[in-house]
Amino acid sequence: MGADLALLPSVAPCPCGRVDAGRRRLALAQCCGRYVDHFETAPAPDAESLMRSRYTAFVLERIDYLLATWHASQRPQELSVKPAAKWLGLDVKSHRVIDETHAEVEFVARYRTTGAAPGSSGQAARQHERSRFVREDGRWFYVDGEEP
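Just add 2 to wherever you are in the sequence shown, counting from 1, and you've got the working numbering.
Treat the hints as calculated values from the structure; they're not laboratory data.
Every residue gets a Cβ at the ideal spot worked out from N, C-alpha and C, and that includes glycine.
The reader is advised that the hints may include incorrect statements.
What the hints assert, rightly or not - Label-pair restraints from in silico Cβ distances:
| id | residue 1 | residue 2 | range |
| --- | --- | --- | --- |
| 1 | Gln-125 | Asp-48 | 31 to 39 Å |
| 2 | Lys-95 | Ala-23 | 19 to 27 Å |
| 3 | Arg-141 | Ala-86 | 26 to 34 Å |
| 4 | Ala-86 | Val-110 | 15 to 23 Å |
| 5 | Pro-47 | Gln-76 | 15 to 23 Å |
| 6 | Pro-150 | Thr-103 | 35 to 43 Å |
| 7 | Ala-14 | Asp-101 | 20 to 28 Å |
| 8 | Asp-93 | Ala-14 | 27 to 35 Å |
| 9 | Ile-100 | Gln-125 | 33 to 41 Å |
Build out the structure end to end from the sequences listed, making use of the hints.
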């Protein structure tokens, strides 16, 4: 289901856009890839990392990861990603820790829809959301989100 991270170069930049202290983009394998491919053994350490890895999962069409990281109280039975969307970037606006088990992350994800007509570039769009996260048994889960 979705892109196999093992087939991507280990130095491919992570779609989430996270940078190191030198402002260089982190490689997928050192950033979200470790969470997306190893959810059972390497859960995201905080809500922002989970949100970034979920964005990466949308880019890579990893529905398995999206469902596994969605809190059971809100998880849909099925999920389909829009293959007609080309994800262009992620801007994390804020990460607010409410307490040990609750956090919020506000972000803007930019994407372009594929045009219906051949050669059409589609429409530019953005998703601005404040997402809620909960931590249970040492793992962070996405609960829901709203437009700020």
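Each hint, compared with the structure:
1. Gln-125 x Asp-48: 31 to 39 Å: With a Cβ separation near 33 Å, Gln-125 and Asp-48 satisfy 31 to 39 Å, so the hint holds.
2. Lys-95 x Ala-23: 19 to 27 Å: 21 Å, holds
3. Arg-141 x Ala-86: 26 to 34 Å: Cβ of Arg-141 to Cβ of Ala-86: about 31 Å, so the range 26 to 34 Å holds.
4. Ala-86 x Val-110: 15 to 23 Å: Given about 20 Å between the Cβ atoms, the range holds.
5. Pro-47 x Gln-76: 15 to 23 Å: Because 22 Å falls inside the window, the suggested range holds.
6. Pro-150 x Thr-103: 35 to 43 Å: For Pro-150 and Thr-103 the Cβ distance comes to about 22 Å; the hint is violated.
7. Ala-14 x Asp-101: 20 to 28 Å: Violated, at about 36 Å.
8. Asp-93 x Ala-14: 27 to 35 Å: Since the Cβ atoms of Asp-93 and Ala-14 sit about 20 Å apart, the hinted range of 27 to 35 Å is violated.
9. Ile-100 x Gln-125: 33 to 41 Å: For Ile-100 and Gln-125 the Cβ distance comes to about 35 Å; the hint holds.
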